[in-house]
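Going down the list, the sequences are from chains A and B.
When you line the first sequence up against numbering that gives the first Met the number 0, it's residues 0 to 226, in that order.
When you line the second sequence up against numbering that gives the first Met the number 0, it's residues 0 to 222, in that order.
Treat the hints with care, since some could be wrong.
Claimed, not checked - Far from chain B by the CB rule (all over 12 Å, computed), these chain A residues:
1) 47
2) 141
3) 150
4) 180
Stated by the list, open to error - Restraint-style ranges between C-beta atoms, simulated for each label pair:
5) 22(B) / 20(A): 38 to 46 Å
6) 205(A) / 25(B): 34 to 42 Å
7) 62(B) / 13(A): 46 to 54 Å
It should be emphasised that the hints constitute simulated quantities derived from the structure, not laboratory data.
The beta carbon of each residue, even a glycine, is placed where N, CA and C say it ideally should be.
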Amino acid sequence: MEALQLFLDNFADWDSFVRIWPLLWQGLQLTVLLAVVTLPIAAAVGLLIAVLYSFHNKALNVALLVWIDLFRSFPVLVLLILIFYGLPFLGLKLPSFAACVLALTLNNSGYYGEIFRAGIESIPPGQREAARALGLHPLQIIFLVILPQAIARVLAPLASNSLELVKTTSIAALVALPELLRSARVAQEQTYNPTPLTAAAIIFFVLLWPFARWVAKLERNMIMRQK
Amino acid sequence: MNPLLDNFFNGQILAQYAPSILGGFWLTVEVALLTILVGVGAGLGLAIVRAMRIRAADIAITVFVDIFRTLPQLVVIIFIYFGLPYADIQLSPFAATVIALGAVLAAFATEIFWAAIQAVPQGQWDAARSLGLGFFRILFLVILPQAIRIAVPLLTNRAIAITKGTALGTAVSLPELLGRAQSAMAIAANPSPLTLAAALYLLFFLPLVVASRWLEGLGPRGR
């Protein structure tokens with residue numbers, strides 16, 4: 000009982016929580032903003048890569064694959080550090096928010112690009128031929144015929160990657176952007192106990208858990224379909 | 000002087016800091032391999048426990064999986080390193096990083112293995128049982144060999160993605176590749192060490208990423 004009380008006092012101290020809540024709330028807003036700004040941009044760039052790939056121009060496709068694999072290979076934090084601390088040496092100083100958006104976008108353009116590409120390439124060529132025979136414009140073919148089917152096929156990795164992107168916004172803490180995790184660390188130095196960290200972890204969990212469950216279900220279905 | 004060459008490919012600075020950065024590279028490789036060992040090993044173990052269908056264990060495993068699949072890796076690392084000392088658990092940066100990344104990978108691996116075990120048709124269990132095999136022999140000799148084959152492509156992708164999180168160790172001052180490069184950059188006031196680190200990360204991860212695409216192509220995916 001005493002141990003539990005000690006644990007609660009340290010890790011879930013209500014007074015500390017009330018005191019640091021304004022800081023966490025600001026951090027949470029920044030986390031949401033970062034995710035909401037980055038996710039559509041990264042997905043759009045990934046989609047663009049995949050659509051360009053679908054035209055099957057040899058030289059272009061080699062370049063696109065290099066782009067995809069390059070950015071899938073870099074840990075996103077390495078990209079962020081290069082952009083935030085490296086680029087200023089070339090006279091290009093980005094604010095931490097922009098640096099995070101850029102790093103997350105480059106990294107995820109590779110992931111989204113590969114996912115959309117795999118989806119598009121899995122659609123049988125007959126679909127494209129049939130659409131062409133109907134006289135559809137190449138852009139109509141890709142956006143109206145191919146993509147709806149492709150996206151349905153890769154919904155699981157698409158959702159999973161989007162969740163990972165939102166989770167990864169927390170690396171912004173390492174370039175001093177006061178998002179949720181960073182705010183919690185700052186607050187922790189004021190309260191001298193880990194309650195702010197517990198609170199941040201709980202906030203992340205509560206916000207992301209329904210989405211994580213949904214992603215898990217999609218992934219499980221994908222595996223089960225391989226029977 | 001070309002500012003790009005001078006700043007990002009400065010030979011003199013590269014030569015000076017290469018030994019330290021290479022040391023960081025080996026630490027990164029070590030953390031990565033240990034993470035995979037811990038994560039995949041624990042994930043397989045937990046999936047096997049789930050296959051035994053013990054109610055209390057199922058609940059505990061589900062809670063573990065949900066927590067570590069949902070929380071950002073960096074939050075887990077920071078919590079373990081900066082939070083746990085208040086509960087008198089003081090871990091080294093190395094242990095904190097491996098345990099955090101290992102737990103996250105274990106959560107994903109459990110899910111993947113468990114789904115793969117369930118994806119093996121029920122008829123396989125029935126047939127093996129009618130041959131007189133017991134639960135564990137069925138699981139290890141009949142079900143798992145098929146399940147692991149189903150799990151490999153997804154697991155490889157996940158393992159690579161999480162292993163890249165070794166760079167997050169810098170946040171708890173683990174002197175791995177990125178950490179070494181960053182301190183070298185600060186001392187030399189030149190980002191060339193960062194270029195070297197980036198190249199080494201590519202050297203390590205690019206073959207894995209290319210191999211995983213190839214593996215996926217082999218998998219029983221799509222129609």
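Open item on the list: I'd like to know which numbered hints this structure contradicts. Please list them from smallest to largest.
Closed with: Violated hints (numbers, rising): 4, 7; every other hint is consistent with the structure.
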